[in-house]
Every structure is written in structure tokens, then in C-alpha cells.
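Q: For chain A, the structure is supplied; the task is to place chain B on it using the hints.
Line order of the protein sequences matches chains A and B. For the first sequence, the residue numbers in full-length UniProt numbering are 1 to 487. For the second sequence, the residue numbers in full-length UniProt numbering are 1 to 487.
In short, the hints are calculated from the structure, not lab data. Watch out, some of these pointers could steer you wrong.
To be verified - If you anchor each label on the Cβ, the simulated ranges turn out as follows:
1) A:I392 x B:V476: 55 to 65 Å
2) B:D383 x A:K59: 21 to 31 Å
3) B:S38 x A:D410: 39 to 49 Å
4) A:S149 x B:V16: 27 to 37 Å
5) A:S457 x B:R12: 23 to 33 Å
Stated by the list, open to error - DSS-like mimics (lysine-lysine), calculated; alpha carbons at most 27 Å apart, straight line:
6) A:K483 x A:K394
7) A:K157 x B:K394
8) B:K153 x A:K388
9) B:K77 x A:K311
Virtual Cβ for every residue (Gly too), placed ideally from N, Cα, C.
Number of protein chains: 2
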Amino acid sequence: MLPYKSLIQVDRHSSVALYIQVCNLFISLITDGTLQPSDLLPSSRTLAELIGINRNTVKLAYEELISQGWAESIERKGVFVLSSLPILSKTKLPETHKDNAPQEAFLWTNNFKNAVPSKNLQKTILTIDDGFPDVRLTPIDQLMREYRSISRKFYGKNFLKYGSSKGSEHLRIAICNYLSNTRGLAVSPENILITKGSQMGIYLAAQLLLLPSDHIAVGISNYLCADETFRQAGANLLRIPIDDNGMDIDYLEALLQRKTIKAVYIIPHHHCPTTVTMSMERRLKLLKLAKEYRFAIIEDDYDFDFHYDNKPYLPLASIDHNQNVIYIGSVTKTFAPALRIGFMTGPAAFVEAAASLRELIDRQGDTVLEEAFALMFDNGEMDRYFRKSLKIYKQRRDMFCEMLKSDFADQIEFKIPEGGLAVWSAFDQKINLIKMAADALKKGLYIDDGIFYKNESFSANGLRMGFASLEEHEMVEALKILKTIIS
Amino acid sequence: MLPYKSLIQVDRHSSVALYIQVCNLFISLITDGTLQPSDLLPSSRTLAELIGINRNTVKLAYEELISQGWAESIERKGVFVLSSLPILSKTKLPETHKDNAPQEAFLWTNNFKNAVPSKNLQKTILTIDDGFPDVRLTPIDQLMREYRSISRKFYGKNFLKYGSSKGSEHLRIAICNYLSNTRGLAVSPENILITKGSQMGIYLAAQLLLLPSDHIAVGISNYLCADETFRQAGANLLRIPIDDNGMDIDYLEALLQRKTIKAVYIIPHHHCPTTVTMSMERRLKLLKLAKEYRFAIIEDDYDFDFHYDNKPYLPLASIDHNQNVIYIGSVTKTFAPALRIGFMTGPAAFVEAAASLRELIDRQGDTVLEEAFALMFDNGEMDRYFRKSLKIYKQRRDMFCEMLKSDFADQIEFKIPEGGLAVWSAFDQKINLIKMAADALKKGLYIDDGIFYKNESFSANGLRMGFASLEEHEMVEALKILKTIIS
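In isolation and in its complexed conformation, chain A is listed as follows (with noise of 0.2 Å):
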């Protein structure tokens, strides 16, 4: 007999009932090969003396063996492990936390690798992020109370079914009522598709649009995740100068001579990384191209929210474009980063193909708090929030950028952002920006090292610098803080 006393050892203190216990040790006595098929195991009372345990218990965990298929009782002879088990050879459990080159493994060959660094997720160390909210300001408790409301009536059970895979009819609605309101852009529910923030557009309209070596003009410098997902789609970039107008569209035309270009991406307000408002004459012109070359406009307005200077201008979405536009949105951004709530328009059939992959992507969103967003929006605490947000940022930017233009004007070079929640700042080229952020971390801040920015045309030595979530007393103490090393 083999040496239960030391193979079957039970934890009195696990939460786990003692007789599964007993029952998940047998197995793994199976599975390693130490009990082999047809095996005898032993008589339960024989058992109970030698582990010390109630003889009930080891009956009930030898019926859990035979009701899960690990074994079989044969009257008047005992419990034996199932005789039609496959034979396994004799080997230990391998280690699960060491298991990155399994030798037998299986073989997976789209063994993704993400180009994107990762950028500070850090909760608690001064950051001089990429350019987000500042979620102290975030109105959790109005969000709270809508839950609250939304919970306690009879109806909000209903919230917790499945529900369509295009997003809650309601924040729809509001979505539309939001989007006349702000943006002059007229659509009804059917145009709209309620996304996981704006990333989860532009993944849709990248699945859809194109296909393997399909081309897509996007700016030299670029939203690097934007990239990142039109390569996965297996699209070339075609790379267009940006200046001080947005993307050079006489560049773009002047391309579209000599290729069939599937989808343009751009950020009209504000370009990212470098915060450039696109021209309106060059809106109306890359509406007229995308007519006469029958592509689409991926517009990702997620930063419209935040334009302080003027009146943010019209979305190429809600001039006259000939449905030639698939407009994207982030509420997510102005509210708060993992609340995770976006918009994707377009024409309804494309929304209604773009609903149709998302069902296999993650079914659907989550409907409490869409519900709950629709809710504020039609209570106007969204937009309370907005224009109270908005004022404290345009505050900020000109604190930020006053400070930057004092303290750091040989160092720094930069254009005061129309909006948006970051300064593109380029640094001397004497300045490493590696070693800077390397610096900057043994003192205390976080800041990028501008690797984020680059890409295979792109090599500016300068980043991104949020001033949103900063309050004015740590914008002093992180510039400070740079200063020392960088001055």
C-alpha cells in the first residue's frame, strides 16, 4: 500500500470542506502517475485510521471521485480507479509561475507583441503624465447617486440583462442630444454605437475597414495606438506631414494620385502628440477628397471637449461629408479614464456591422452605467461637469505654460495648446530625454522619456507634458524638480 499517511495530508483550517480535500489529493495522485488505472484504493475505514479522520469523510470524498469519473466501486471488492483512465506517465505538476517556455506547449503563432511602451501607471508618485484628466474632479458622487436611483427601482433589474450590443438606447439618445448641442452633428440612435472608450472605435473601424496591405494615411507623428491597430488589421502607413494647419492635405491629394488610399486617420483638435488644431480649410478639402476617392475619414475627436480658446470648430462629421466620415468620441477622457465610455458614429449600416463584430468581441457594454451616464446627461450634470472642468484646465494650461516660458525658455521649446490637456514641448537637443526621465524618477517624479512619440519617420527629441491633473502647487514642485536636472 502506498504511504497515505504522508500523501493524504488535510488542512483542518482551509475553507476548503475536508472530504474534497481528500478527494482533490487522490486526483493528483492519478494525474502524477503514483495511482495507476484499476488500482485499488483503500478501504475508507482503513483510510480514517490512518489520516486520522472520519470515516463519513473519506466515503464522501470517494463518492466525489466516482461521481467526477475518477474511479469506480466494484461491489464487495472496494474502490479502484477507473480502468478505461488513459495511462499517464509519472511526471510532477509543473510549476505555474514558471511557464513562460512550456517545452510541449502549444504552438501559437500570432505571438503578438505590442509595440506600445508602457507608460506610468503609477498611482501614487508626482506625474507629469501624457495629458489626463485630473479625476479628483471626477463627479463620482452624482455618478453614485444615479446608480443608487437606478438600482432601487423595479425597472433597473432590467439593466442587468443582456441588452444590444450597439449600447443603451437611452445614452444614445443623449449622445445625440450632446453631439446637436455641441457640435452641430445631426444623427439619430441608429448612427451611433456606444464603444469602450475611444480605442475601441478606432479598433472597430480598423476591423472593418481594411484588409491585409490595405493603405491608410495617418501623420507622420501619430497616436502611436492608432498605429498599433491599423498594423494589426495588416495595413500600411502612409505617413503625411503635419504642420501648424493639421495634416497637409495637398500632400495627401497629391498621394492619392499614385495610390488607392482605403481610410485617413487624423485628430483634428488637438493632433496627437503635437496639439495642432487642423485648419478648416483643410476640413473642407479632405471632405471633398474623401468624395472624389471614395475613402473614409476615421476622425477621432476624442480631445473636442477641450478647447479653450474659441469655440471648438465643427467636426468634419457635422459639415456636409457625404457619409464619409465615422466620427469617434471619448467621454471615458473627459470623465474618468476607467469608466470606460465612448461613441463611434457613422452610417447605419456601418454602425450596424461595427455592432455585429463588438457581439463577438465582448457582447456588449456594460448598461448600469451607460444607463447611469444617460442619466447625467439628461440632468445636466455632465455638462455642469464639463464647463467646470474645462475653466479649471484653461487655468491650468495657462499656469503650466507660464511657468514652462519662465523657467525652462532655454530648454523648452513650445506653442500654447488651443486645447487639450497637454503641451508638446520640444526639448534641446543637448537633453536626453532617457536619462532625464531616469533622473527625474530617483527624485521623485515620473515624466516620459518620449519613446512613446516616436515612430519609424518621427524622431522629435520632445514629449508630451499634462498640466491637467496637476494642481498648481505640485506643477511647481515637478518643474522644480526638473529644473535640477535638466538647467
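A: Positioned in the frame of chain A, the structure of chain B alone reads:
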């Protein structure tokens, strides 16, 4: 001069400021070609008199037009439409809701058509569903309590910031403990990705494992959304027979000798649609084959928590599997369909790649919800809820099966399912399910028409009848209606 009095009509009751209305009306006149580049706008005095608004409002509107790049002011001459705007032809804006086939809109080749028929998502009508949980049992008050406790804490604000695309570390640890306690599955947080429901696990696994024209083995009957997800990745489906012990692994073995198979998709507890449980013998044999032929097993165990007659079988992932198993589970399916939380476990490198891909899809999950679920796992609420619902669903299964047996012996053939939330019901061939569903709807009962369960090789005259979301009186009522139709 143009007839501005009729062209510029403002709405004094609108929430949109008057000057923005005037500005937007001028933009429409420009984009539809009524006003051409270099056209002179009426003086502010003239327009103010014509349309009966304050002259300063007109001035503000013109300033807005200028700042948005539509117009330019020439000193002592007036305000003109920007001369450098591209000339637009005079066309009306298309009606946004008649946009299914705009004549010159962009071309999109991946016109993804979902083959998944939509199921009833109506909230009110009496429904025999596919096997959904009863959201009336969802402990929404406890969830709200956790939400409040998070939102009241100072550190709670941190959960509003960007977080890991693998999901909250706290929830990953909680799921580790839960998997260990319930399934003897030993994984570390680095082996876990928190998904938006099990569907996202299937999608990520498909995208990472399958290249176009790769083979994946699936059941001859199978969960349609999984089939579609594999097809969307370009894979060929190889259909394997399913019997009372689950997938026929001998059949699979014979196939493996002829074809390279990249992955095998199984739903071991309880196969969808037919609810059979895969025997332990077959589980072990499948693991052996995976090691020999180096394919991945995608183990979709969304139904593990609903097993009534004994403890559920050990997942393949809990047995020595040589890192060949990608294990997918759902909290959503247990808790509430609209609160999207699931998980995927696998080798750390695979999980890392899945997290990178996920970053392009939707960046990350909803951290606040993830934290709240983690707290509910920690304080035992989740466990209490699982036990409570399991007990109720077992009673409902027994009741429902009793009713089916006594009232539909001649029309419906079924086996009492060992677990899950639905009974696979094979209807008499004489009963036309499409007609039955249509007749039922007229009498106030929604029941599936069976199309969802069919595929190119499976055409049983059957459907899943979900019992879990029905209270006793609802079952009685629903089956009474059904009886009047098919007896």
C-alpha cells in the same frame, strides 16, 4: 443680398446660445454652397435688424465664424467667407437616416455580416430564454455598497485612473483564490486576464491562436458565437461528434493523424447547446492528445458554477495539462449579464500577449467594477450569492423538468441536465419551431425558434429551454401557453 430673414431663423427656446445658432446657420449656407468663398456677409447692423436680434449677438456669431476658420474680416470692408475655402457644389445635406447606400460614400470591403440571429432582449414579455440567470436574484444592493465604499475612500479615486489592461490586481488575486477553492486550479495573478465576460476570452484566444485557414476542432453542435468568432479569425471549423460523454475524442484522434489542428474548443460543463458533461476519461485523453500533437485546448467553462448533482468535474486546466489549456470563465453569467466580468487563464506569456492585444481593443476594463467584485469575493458575498442561486436554480430545474415530463411527454424529449441553466429539448419532428415561436409570441410568450442552434452540420429540431430565470408561477404560465400551441 440673400433672403437672410428666411435663411437665418433662430429658436429662442433652444438651449443652444443664439450666436452659436446664427454661426451654425451661416456654416450651413457655406457648406451647401449658398454662400461661396469671398462672398460678403451682411453688416451686423443690417442682419440684426432683418432677423430681429441684438447686434452684439451677430457680432459674436461673426467672431465665432472667423475663429473657426469659415470667414475673414477685412478692415473697412466687412466680413467675407474665407477666400481660400475649397469651392463646394450646392447640394443639400443628405438625410441622416436614409444613409444605407450613399452613392459616393467610402468603400468598405469587410462588410462584416453577423450570422448570429438576434435573440429576445425585450425586457417585459414572459420569456423562455436560452439559459440566462435571474437578475432579480442579483445582489445589486451589496454591489452598490461596495461601490459606495470605494467612492468614499480617498484612495478610491485611484481606481478612476488608467489601470492595467490585464485587469485589477486585486480582482486577479481574488479570482486565483476562487479558482483554487472551487476547482483546485493553481494559477498566479500573472496567468489571469480579466475580460469583459467569457466572450472576450474566446475572441482574444481566437485572435492569438488562429491564422487564416488554420483548423480548429469544435463540436458538431456548438455555441454559435464561438463558431463565428473562429470564422472571423479566418479559421476552418472541423466538426467533431458529441455524445452523452461530450466530444468524441477518438474521432478527434483519427482526424489529428490526417490534419494539423491548431486548437480544440470545448465546453466541458455543460456543452452548449446540448448540456452534456464531458467525462473525466475523455478529459484526460484530450490532454494526452494535446501534449502529443501540441494543440491548444480552449476550455470554455462558463457553466462550472452551475452543477447540481455532485461537485462539478475538475476542469482540464486543473489537471496536469502541460500549459496546453486556455481556461475561460465568467462571473457575468453568474452575477448579471450586463455587468461584464470574466477571466481567461493561460501561460504567462500568452496572457501577456492577450493583454497587449486587448490594449488595442478597448484599453482596459472598468476598474471600479473590478474592485467592487474583488471586495465581494473577499468578504464572502460572492460565495454566498453563488450558493443561494445554485440552490434556487436546482429547485427550478427539478420543477421545470417535472412539468416537461408530465405535460410534454409526447412532444419533447430531454434528459435532466446535470447542471446549467437550460434543458436541451428535442421537439417532435412534426412540430415546426419557427411557427411555434411565432404562435407563442401572439399569445404573449417569447420562445426561441431554434435557428440559433443550427449550423451546416447540425439541424436537430430542438432548442434550449432556460428555466433559471423563471419563478414557479411563470413556468406554469409559460408552459401552459406552449401547451395550447403544440399539443
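Q: Compare the structure with each hint and give your call.
A: Hints and how they fare:
1. A:I392 x B:V476: 55 to 65 Å: holds (59 Å)
2. B:D383 x A:K59: 21 to 31 Å: holds (26 Å)
3. B:S38 x A:D410: 39 to 49 Å: Between S38 of chain B and D410 of chain A, where Cβ atoms are some 45 Å apart, the hint holds.
4. A:S149 x B:V16: 27 to 37 Å: holds (28 Å)
5. A:S457 x B:R12: 23 to 33 Å: violated (52 Å)
6. A:K483 x A:K394: Holds, at roughly 24 Å.
7. A:K157 x B:K394: holds (22 Å)
8. B:K153 x A:K388: Answer holds: K153 of chain B to K388 of chain A is near 23 Å, not above 27 Å.
9. B:K77 x A:K311: Judged against 27 Å, a Cα distance of about 25 Å means the pair holds.
Figure legend: structure checked against the earlier numbered hints; the only hint not met is number 5.
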